[in-house]
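Here are the chains, one letter per residue:
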Amino acid sequence: MLNPYLPYPVRIDNITVETEDKNLKTFRFVFINPQDEEKFSYRAGQFAELSVTGKGEIPIGIASSPTEKGFVMFTVNKVGLVSSYLHAMKEGDIMGVRGPLGNCYPWDQMEGKNIIIIGGGFAFTTLRSSIIYMLDPANRSKFKDIHVIYGARTPGMLLYWDELIEWEKRDDINMHITVDGTDDPNWKYNIGFVPTITEQKAPPGGEDSVAVVCGPPIMIKFTQPVLDKLGYSDDRIIMSLENRMKCGIGMCGRCNIGKEFVCKDGPVFTLEEINKTPREY
Amino acid sequence: MKIVQIDKEDWENGIKKLFEVYRLFAPVKEADFHNFKQIEAGQLPDLSCLNTRLSPKSIIYPQSEVMFKYSLDENEEDHHILKEVDKDYSPQAVIGIRPCDAKAFELVRLNFDSPDYKDPYWLNAYEATTLVGLACESPCSSCFCTTAGCGPYHAEALDLLLIDNGDQYWAKVISAKGEAFLAAAGWTVAVEEQTALKEIEVKKRAAEDKISAFVKTDKLREIETNDLYTAAFWEEVSFSCINCGTCTYVCPTCWCFDIQDENRGNRGCRMRNWDSCMYPLFTLHGSGHNPRGTQLHRVRQRFMHKLKYFVDKYDAGIQCVGCGRCIRLCPVNIDIRRVCGYMNSHVASADTCEV
Ligand SMILES: Cc1cc2nc3c(=O)[nH]c(=O)nc-3n(C[C@H](O)[C@H](O)[C@H](O)COP(=O)(O)OP(=O)(O)OC[C@H]3O[C@@H](n4cnc5c(N)ncnc54)[C@H](O)[C@@H]3O)c2cc1C
Ligand code: SF4
Ligand code: SF4
Ligand code: FES
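As you go down the protein sequences, you meet chains A and E in turn.
Under the numbering used here, the first residue of the first sequence is numbered 1, with each subsequent residue one higher.
Under the numbering used here, the first residue of the second sequence is numbered 1001, with each subsequent residue one higher.
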């Protein structure tokens, strides 16, 4: 019997500090047993349990894309016990990755559509995975227009800066980077909260468009009416939820919203599905 | 269905032989109550108890269990890599388990044996276990098994059902595991089936007639989740709960757990421990936000899980076998039968709960 609690052993290959407050770091892992990489075959939107031996496990969205080979990548906010310890670890250290877990973004439903990605703060990790995946030459033609609205408090708090700038330069993706405020006189992009920028920049919804929204609760709360007005129906608004997790496989009983387990039936739900639950997240 | 007769004179001798094949678990008296314990050679199951204070779930699903071990010593090979631990999955038998507690394992199995994932710890232990039930002749006043998908003679979840028949037991064989158990004990005298079955039917009806508590569950499926969730009665139901967690720990059908790493010096184990939806930590996010932050949220979660979410998810009845433990042991007399009544007769109204 396969033990679904046993992580694959990995080595930390690279650590990058992502934000000016140094609270977010990106960890790149390589599998110690090369054949495990194939077993860890994932799709954009899924997550994994990062297993820090001796401290515990934390569920983290997969930030690398299935089209990137040779490593898996996660961006971790320093919060409590496990994430703080992980932040103190160094390249070369051994730990574990268990997954991939949960469902992915509904790629079948999204193919052939205009995609609008709306992200706020550090909840941009699986959105990065999705963008890299869609921009891959083998996949780009499967999608119509791609819009990305991504905001953070300040320019220094935006994740994956170099990539954002590269995407800005391309003509097959429409980037709308924004910050709540900045004193940088050379800031070339938007200033304003994500819901406001969405109102100004997002294309109208309809049969042909799907919105993927990830961010802090307050951003989601104010973005929802904007999308409504733009004509995005609840079954075309895709969200990724978070709840405290342990097992990640629907067994330990803590992450449910009604009868759905965020870890196994989610983390990705349509707004229509979420509205049917007691929304305990 | 084969029925074997065990003369009580042969009981002790048979048990003695069983020790050669099985690790045996049975009710044992502790202070003024009984609990399931592993018995040693020379000890006999105490079948005089109505039911044990704690459910026997820990025999298959220990309250605290090692999942993996590891070394944190960088000089050791494979340091920081989790290793499976050796487990004893040799045959074990639970003698004197009540039909409701056996049925609970069937319900819990739905959680641990899903189409997507198999929990190896629970399943291996379950496979290694033979459940030798004892039919209830005089159920407690708080039992409501007959309306909770089970009953005092409910045999389906067992391998063998023992029925007390004066100076003998009748053993109704339900599975091959049950058959093997009888063979190991040397109890092989089959009785004439038709006559015995008729007598058992009479005893069964007499036992069922003694059940005096009931629940109604017929409407639970059709009532909308969110209508139940926002019902006003949760405020009254949860008001006195002190979130002690007793109800979930004693319940044979509660399965929630936590995973923790425990270190001693340079080595450690990843453990799994029973947890409870009654505790605020169960759902607390690292950010400090708690989606079930009040006592009302947590009480509602326990009842909604057992009586609505489970019902909707599996279409296998309620996640409760009517053993009555949570009713008997709750320090503030919260009664699942009453709550089930509220839920089953709920009509959505403007009068909703604030939380
Ligand atoms: C599907 C999913 C994807 C996520 N993706 C990311 C990501 O890409 N980057 C990121 O920085 N964070 C992400 N999180 C949040 C992250 O899991 C928590 O911040 C993290 O678990 C905090 O753990 P801790 O040990 O540092 O904190 P503590 O407060 O010490 O938590 C102790 C334990 O509780 C559990 N826990 C606590 N908070 C959460 C939470 N919000 N969600 C789930 N479990 C929790 C974990 O098991 C944790 O080890 C994600 C959460 C989920 C559910
Ligand atoms: S036993 Fe009673 S008081 Fe304790 S948590 Fe359960 S319902 Fe609340
Ligand atoms: S909920 Fe109460 S009555 Fe039902 S099985 Fe659990 S302990 Fe027994
Ligand atoms: S994390 Fe255990 S059930 Fe979802």
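There may be inaccurate statements among the hints.
As the list claims (entries may be wrong) - In silico DSBU-like pairs for lysine-lysine, Cα to Cα no more than 35 Å straight-line: (1) Lys1313(E) - Lys276(A); (2) Lys55(A) - Lys1037(E); (3) Lys259(A) - Lys55(A); (4) Lys264(A) - Lys1204(E); (5) Lys1002(E) - Lys1198(E); (6) Lys55(A) - Lys1083(E); (7) Lys39(A) - Lys90(A); (8) Lys90(A) - Lys1313(E); (9) Lys1216(E) - Lys78(A); (10) Lys1198(E) - Lys1118(E).
What the hints contain is simulated information worked out from the structure, not anything from laboratory work.
Structure-based check of each hint:
For the suggested pair lysine 1313(E) and lysine 276(A), the alpha carbons sit about 14 Å apart, so the restraint of at most 35 Å is met. With a C-alpha separation of about 33 Å, the suggested pairing of lysine 55(A) with lysine 1037(E) holds against the 35 Å cut-off. Proximity of lysine 259(A) to lysine 55(A) is assessed by CA-CA distance (about 30 Å); at most 35 Å being required, the pair is judged to hold. Simply put, lysine 264(A) and lysine 1204(E) have alpha-carbon atoms about 42 Å apart, too far for the 35 Å limit, and the pair is violated.
Annotation: proposed proximity of lysine 1002(E) to lysine 1198(E) holds, straight-line Cα distance about 13 Å (limit 35 Å). For the hint linking lysine 55(A) to lysine 1083(E), the alpha-carbon distance of about 15 Å falls within 35 Å, and the restraint holds. For the suggested pair lysine 39(A) and lysine 90(A), the alpha carbons sit about 25 Å apart, so the restraint of at most 35 Å is met. With a C-alpha separation of about 44 Å, the suggested pair lysine 90(A) and lysine 1313(E) falls outside the 35 Å cut-off, and the hint is violated.
Among the hinted pairs, lysine 1216(E) with lysine 78(A) is inconsistent with the structure: their alpha-carbon atoms are about 49 Å apart, more than 35 Å. Pair hint lysine 1198(E) plus lysine 1118(E) does not hold up; C-alpha atoms about 40 Å apart against a cutoff of 35 Å.
Comparing the model with each earlier hint shows violations of hints 4, 8, 9, 10; every other hint is respected.
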